[in-house]
Every structure is written in C-alpha cells, then in structure tokens.
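K.L.:
Protein chains in written order, with our numbering: chain Z, 1 to 164; chain U, 1 to 164; chain F, 1 to 164; chain W, 1 to 164; chain S, 1 to 164.
Source of the hints: derived by calculation from the structure; they are not laboratory data.
A couple of the hints might just be wrong.
Remember, identical chains collapse to one label, so a pair may be satisfied in a single copy or spanning two.
Claimed, not checked - Restricting the straight-line Cα-Cα distance to at most 20 Å, the calculated cross-link-like pairs of lysine to aspartate or glutamate (EDC-like) are:
1. 3 with 126
2. 112 with 50
3. 88 with 73
4. 3 with 147
5. 19 with 78
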Amino acid sequence: EFKKGVTASSQPMNGSGLKILIVHTRWNLPIVEALVKGTKDKLKAFNVKEENIVTQAVPGSYELPFACSKFMEVSSYDAVIAIGVLIKGSTMHFEYICDAVSHGLMRVQLDKGIPVIFGVLTCLTEHQALHRAGIAPGDDHGHNHGEDWGAAAVEMALLKYRSQ
Amino acid sequence: EFKKGVTASSQPMNGSGLKILIVHTRWNLPIVEALVKGTKDKLKAFNVKEENIVTQAVPGSYELPFACSKFMEVSSYDAVIAIGVLIKGSTMHFEYICDAVSHGLMRVQLDKGIPVIFGVLTCLTEHQALHRAGIAPGDDHGHNHGEDWGAAAVEMALLKYRSQ
Amino acid sequence: EFKKGVTASSQPMNGSGLKILIVHTRWNLPIVEALVKGTKDKLKAFNVKEENIVTQAVPGSYELPFACSKFMEVSSYDAVIAIGVLIKGSTMHFEYICDAVSHGLMRVQLDKGIPVIFGVLTCLTEHQALHRAGIAPGDDHGHNHGEDWGAAAVEMALLKYRSQ
Amino acid sequence: EFKKGVTASSQPMNGSGLKILIVHTRWNLPIVEALVKGTKDKLKAFNVKEENIVTQAVPGSYELPFACSKFMEVSSYDAVIAIGVLIKGSTMHFEYICDAVSHGLMRVQLDKGIPVIFGVLTCLTEHQALHRAGIAPGDDHGHNHGEDWGAAAVEMALLKYRSQ
Amino acid sequence: EFKKGVTASSQPMNGSGLKILIVHTRWNLPIVEALVKGTKDKLKAFNVKEENIVTQAVPGSYELPFACSKFMEVSSYDAVIAIGVLIKGSTMHFEYICDAVSHGLMRVQLDKGIPVIFGVLTCLTEHQALHRAGIAPGDDHGHNHGEDWGAAAVEMALLKYRSQ
C-alpha cells in the first residue's frame with residue numbers, strides 16, 4: 001500500500017569534499033535550533049566535515065533569500081540550506097511571507113546556479129512545527145525534517161551535472 | 001457532447017532524432033515510478049531511442065527547476081520532462097511548493113529556450129495521485145498522465161519553430 | 001445603468017498590414033476550435049489577410065508561453081493570441097496552471113516587446129467554457145470571446161507607440 | 001480615533017513641469033471614464049498642464065503593463081497611471097488577471113525606472129466599482145479614486161530621488 | 001514551553017557606522033508614524049546616528065518597491081526599511097497589493113544587493129494594525145513591530161558577508 005514519503009537515494013553519497021552553508025532564522029528559535037541540529041547531524045552522517053558546515057543567522061524568513069544570495073557571493077558553497085519556521089497568525093503576514101520567501105529562494109538558486117534547499121516550515125499551528133522538528137510534546141515527537149534537508153543538500157551538491 | 005481531454009496531434013511525430021531529459025523526484029516514489037514508466041513508454045512509441053532518454057532523480061519537487069536548469073547547461077536536450085507528485089498535507093507546504101515549482105519550471109524553459117513539460121501532480125488526496133498514475137486500487141486504475149507528458153515532450157521538441 | 005463589458009475602439013482599425021500569430025492548445029479542442037474561429041473571423045473583419053494569420057498548436061496551456069516566445073523569435077509578428085481552455089478539476093492542477101500561464105504570458109510580451117493577448121479561459125465548469133466560446137447548449141449559446149481577442153490583437157498591434 | 005485613509009503630503013507639489021501618461025482600459029468604460037476624469041482633474045489641480053497629460057486606451061487590464069512599457073519607450077514621462085476596472089465574474093478570470101496585472105505593472109516600473117500608479121480597481125461587485133469612481137447610485141456616490149491616483153502620480157514624479 | 005517570537009541576536013550590534021533609509025507610506029499615517037517612531041528608537045538604541053537615518057514618504061504601499069529602488073540608486077545605504085499598513089477592505093485591493101508589494105520588495109533587495117526589511121503590516125482589522133504598532137486602545141496596547149524592523153535592519157546591515 002502506498003505511503004507518502006521520500007525514498008533514499010540508492011547512489012553512494014560521499015559529502016567529504018563538500019562545503020555547505022546553513023542560513024537560519026532566529027524567529028521561533030527553539031524549533032529552528034532543533035531543525036539545524038537535525039540538518040547538521042545528517043550532513044555529518046554523509047561525511048561532510050564539521051569545519052565545512054558554515055552556519056549563519058538572520059532575524060526572520062523574509063531575510064533568507066537575500067542572505068543566501070549574499071553569502072554565496074563572498075564564499076563558494078556546494079549547496080545552501082535555508083531554515084525557518086513560519087506559523088500562521090491572525091493577520092495575513094504568514095501567507096505573504098511564505099509566498100515571497102518560497103519564490104525568493106527559488107529565484108536565488110536559479111540566478112546563482114547553486115542549489116538552495118527549502119528548509120522553511122509553513123505551519124498552521126505550533127504543534128505542526130514542533131512535530132516537524134521532532135520535538136513535539138507527548139508520545140509522538142514527530143520527525144525532524146532537518147534530516148531530509150541535510151540529505152537533500154548532499155544529494156543536490158553531488159548531482160551528476162557537476163562532474164560533466 | 002463535450003468531454004474534457006486532449007486531442008492527439010494530427011501531425012506525424014517522429015521522435016527518432018530527439019534527446020529527452022526526464023528529471024523526477026523520489027518523494028512518493030512508487031507513484032513517480034509509474035509516471036516515469038508511462039512517460040518513457042510513450043516516448044518510445046514515438047520512436048525516441050532508449051539511449052536518448054536520460055533520467056535523473058532529485059529528492060523533492062522544489063529541486064526540479066534547479067536540476068532541470070543545470071542539466072540543460074551540461075548537455076543538449078530537445079525537451080525536458082519534470083515529474084513529481086505533491087499531495088496536500090496538514091501544513092501549507094503543499095501550496096507553497098506547488099506554486100514556486102510551477103513558476104520555477106516556467107521560468108527555466110523561458111530562460112533556457114528548451115521546452116519543459118510540467119509533469120507534476122498537485123493532488124489533494126493520495127487516491128488522486130494513484131489514479132493519475134494509472135495505479136489506483138479497485139476497478140478504475142485511472143489514466144497514466146506520464147503518457148500525455150511523453151507525447152507533449154515529443155510534440156514540443158518537434159514544433160515548427162525548430163526548423164525555421 | 002451600468003453594464004459590464006467592453007466598448008469598441010472609436011479609432012479606425014485597419015489590420016491589412018498586420019501579421020498575427022495564434023497559438024492554441026489541443027486540450028478541450030472542440031471549445032478551442034470555436035474560439036480560434038471566432039478570433040480569425042474578427043481578425044478578417046478588421047482586414048487582416050488570411051495568409052497573414054499563422055496558427056500553431058501545442059498540447060496544453062502550460063506550453064503556451066514557451067511556444068509564443070519561440071515562434072516570436074523565428075518570425076516577425078505584430079501581435080500574438082494565446083488560446084486555451086482550462087476547466088477546474090478535482091486536483092489543484094487548474095489553479096497552478098492558470099497562475100503560471102497568466103504570469104508566463106505576461107512575461108513573454110514584456111520580454112519580447114510584442115503584445116500577447118490572453119485568450120485563456122479559466123472556467124469552473126464546462127458550461128462556462130462552452131458559453132464563452134458561443135457554443136453552449138440550450139437557448140443561450142453565449143458570446144464567443146475569440147471575437148474580443150481578435151479585436152484586441154488588432155488594436156494592440158496598431159497602438160500609437162508603433163508609429164513613433 | 002483611527003480612520004483608514006491617506007494623509008495628503010505636506011510637501012509643496014508643483015506639477016507644472018511634469019509630463020504624465022494615463023493608460024486606461026475600455027472594459028467597463030463608463031466607470032473608467034469617471035476615474036480618468038477624476039485623475040486628470042487632480043493632475044491639473046497640481047498644475048500639470050493639459051497638454052502634458054497624454055491619454056491612451058487599451059482593451060482590457062491584461063494589456064496595461066505591455067502598453068505602459070511600450071509608451072515609456074517612445075516618449076519620456078515623469079509618471080504613468082494605469083487605470084482599469086476589474087469586476088468578479090463567475091469564472092476565475094478576475095483572479096488571474098488581477099494577479100498578473102498587479103505583478104506586471106510592478107515589474108514595468110522597476111524595469112523602466114519610471115513610477116507606475118496602480119489605478120486598477122479589483123472589485124467583487126459593480127456597486128463597489130461605481131462607488132470607487134464616485135458615481136454610485138443613491139445618496140452615497142462614493143469617492144473618485146482617480147483623485148488619489150493623480151495626486152500619487154505627481155508626488156512620485158517629484159520624489160527627492162529625482163533631484164539628486 | 002514553546003512560545004512564538006524572535007530571539008535577539010547574541011552578536012554585538014554596533015550601528016554607529018551605518019546609514020539607514022526608511023521609506024514609509026502616508027496611507028493610515030497615524031499607525032505608520034507610530035511604527036516609524038518605534039523603528040527609529042530601536043535604530044538609535046543600536047547606536048545608529050540620527051543624521052544617518054533618512055526618512056522618505058510615499059502615498060501607498062504599492063509605491064514602496066519603486067521608491068526603495070530609486071533612493072538606493074541616488075545614495076548609498078546599508079539597509080532599507082519599507083513601512084506600510086494595509087488593512088483588508090471590501091474589494092480585493094488588499095490581497096493584490098499585499099502580494100505585489102511583498103514580491104516587489106523581495107525583488108528590489110535581490111536586484112540591488114542591499115537588504116530591505118519588510119515593514120508592511122497586512123492586517124484583516126484596524127485593531128490588528130493598531131496592536132502591532134503598540135497603540136491599540138484598551139489595556140493591551142500591543143507590541144510596536146517597528147522595533148523588530150529596526151533591529152533587523154541593523155543586523156542585516158552588519159551580516160558577516162559585508163566584511164569578507
């Protein structure tokens with residue numbers, strides 16, 4: 001029976017030669033920190049060296065595309081992971097930020113030619129965000145999506161277009 | 001009486017000289033694989049040679065525009081087919097990814113001048129996705145949309161602007 | 001009393017020197033063909049010569065911006081009319097295609113400097129589409145919007161910026 | 001107590017040296033004409049000379065960004081005002097046109113470096129449109145938004161970036 | 001227990017060498033003025049000098065991206081803060097302006113390479129806007145979001161990409 005989810009790549013993924021940039025927000029930092037940790041753990045599991053994982057912080061998600069773009073200009077990275085946590089509030093701020101940021105990060109990777117992983121949670125409730133960071137209260141802590149983003153960054157950095 | 005659907009081209013479509021790139025996700029891979037198979041079968045039915053069908057995988061749909069763009073830069077293709085399966089979940093992730101990816105693939109084909117077929121299912125239920133891959137359980141397995149995408153790729157690759 | 005609708009231009013519109021490109025889809029072809037016919041009839045009513053109306057087909061609406069863009073590069077047109085019929089289905093395909101195509105056609109005309117008429121029906125029901133093609137069953141066949149698009153193409157092709 | 005609305009600029013605004021372009025639609029022309037008149041009256045109230053107000057017409061709102069862009073290329077304007085009236089109908093045409101046009105006019109002003117005032121009403125009812133043109137039936141005729149657009153055009157044309 | 005909000009940067013933030021541009025609207029000016037004041041107070045708290053805070057006004061939010069872009073061209077700023085207050089009305093004006101402006105400001109900062117803080121409230125009620133400007137009536141005056149924008153501007157202006 002079909003179950004939603006991602007199937008791991010069957011390609012060998014050796015990240016030992018990669019340099020990865022993580023840009024994360026400080027809005028909703030406790031959740032973001034869990035996501036950053038999950039991301040880093042997975043990067044290291046694919047042999048990315050600790051000293052080749054650069055982490056930068058910005059205030060909120062709207063700052064992510066600009067910061068990713070600028071950091072790409074001053075140093076060379078094989079992939080970038082943009083991490084933030086947006087949670088629906090009573091105004092329409094959530095909707096417009098989510099939309100502008102998802103398009104902005106798409107633009108940045110196409111403009112710069114370096115993959116940007118969309119590590120931005122766009123949640124309707126706090127519980128959804130906690131659950132996707134693997135730190136939900138109760139019995140089901142959920143799955144830390146940072147792990148998926150770390151794996152995706154390594155995979156995109158190693159895509160075959162690079163060796164051609 | 002009118003019935004929604006696509007009418008096949010009356011033009012002869014000989015894909016024997018074409019080189020086609022398929023980029024597909026590994027999210028919801030069982031459905032994606034059925035779609036990729038339907039796509040390839042149709043490409044071959046239009047005489048595209050097996051060795052001229054290149055298949056690449058990325059983790060999720062947000063990676064499709066970047067990957068299509070980069071692969072276009074390292075090799076010459078007559079058309080690209082981007083295949084993914086997005087299914088509505090409880091957060092707003094579905095909406096923002098669908099929107100950014102549909103615009104991103106539009107941008108890539110206009111920037112690069114090579115047609116990109118939108119082979120991304122944007123479904124509200126798993127059943128919808130299975131049905132559009134021709135593998136729904138029960139009596140009505142549905143129609144494999146990959147067949148439409150394969151035909152569209154051959155047609156777009158042969159459009160008359162190419163010979164002028 | 002006010003009634004929605006378009007007022008015809010009071011300028012003399014002589015299309016006898018114009019070359020017009022129509023790109024239409026083959027999705028929902030019976031409706032599309034009625035719209036193309038309405039468009040052509042109106043073009044001819046403004047003295048556009050039959051041999052100066054070029055018609056090309058693509059599979060679906062997502063292909064329209066790319067095809068318009070490419071055909072503009074291989075031949076010189078005074079205006080382009082992109083014709084398609086999108087009808088709401090059970091997935092979100094309709095919404096994402098409509099959005100990407102309306103933005104894509106906007107981009108193409110601004111990039112290329114040649115007017116593109118938005119001849120894409122974005123309907124919630126089949127009846128709405130039939131009615132806007134002037135072929136609805138029953139007593140009220142509706143109005144063929146192709147006529148408006150043909151007139152708009154001639155007008156945009158003759159806009160005063162051209163003679164300056 | 002707070003009341004929604006715009007506060008007039010306290011800067012002296014002398015439009016006597018300005019050249020202003022108005023591009024308006026002919027869809028829903030009676031409303032559009034009232035808006036154009038309100039706009040012109042306000043321009044003149046700021047001393048813009050009648051002969052320096054150029055008015056051009058296009059069929060519908062989707063044509064506004066292209067026309068504004070082209071007219072900017074053939075003559076020099078200090079500001080452009082794009083005027084149209086979109087009213088919700090039974091299909092999704094309203095939504096996609098509103099969205100593409102609001103983004104298109106934004107693009108044009110950023111690309112060209114000349115301010116474009118968004119004079120497009122995006123109304124759910126005819127009454128809303130009539131009311132915002134100051135010609136609603138009954139006791140409350142409403143406020144002619146063209147006046148705001150005229151004032152905005154003069155102000156944007158005189159913004160301090162121009163003298164630096 | 002998790003609580004939504006932003007965690008202050010642990011980096012020392014010395015804005016004494018920075019030049020900051022504030023562009024604000026005059027729509028809903030009483031609220032905007034409170035937000036501008038909150039922004040300036042926070043900028044000064046980070047040692048930005050009064051004479052290095054330049055404030056410009058435009059009529060409405062749709063004018064913000066253009067004005068930010070142009071002012072960036074005539075003088076050198078380390079960060080720009082775009083401040084406006086949009087409140088849902090009975091037409092769809094709110095939705096289309098919010099969308100175009102959030103994308104427009106994103107484009108401007110990516111095009112220009114100077115950070116633009118999104119200081120635009122997108123509120124469904126007047127009370128929401130007053131509350132986010134810290135001037136709501138009653139016991140809970142709310143939090144002045146201008147303070148967050150001021151801090152974000154200083155932080156983005158000092159991001160490490162600048163010294164590399």
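K.L.:
When the structure is checked against the list of hints, which entries are broken? Sort them ascending.
P.N.:
Per hint list: 2 and 3 violated.
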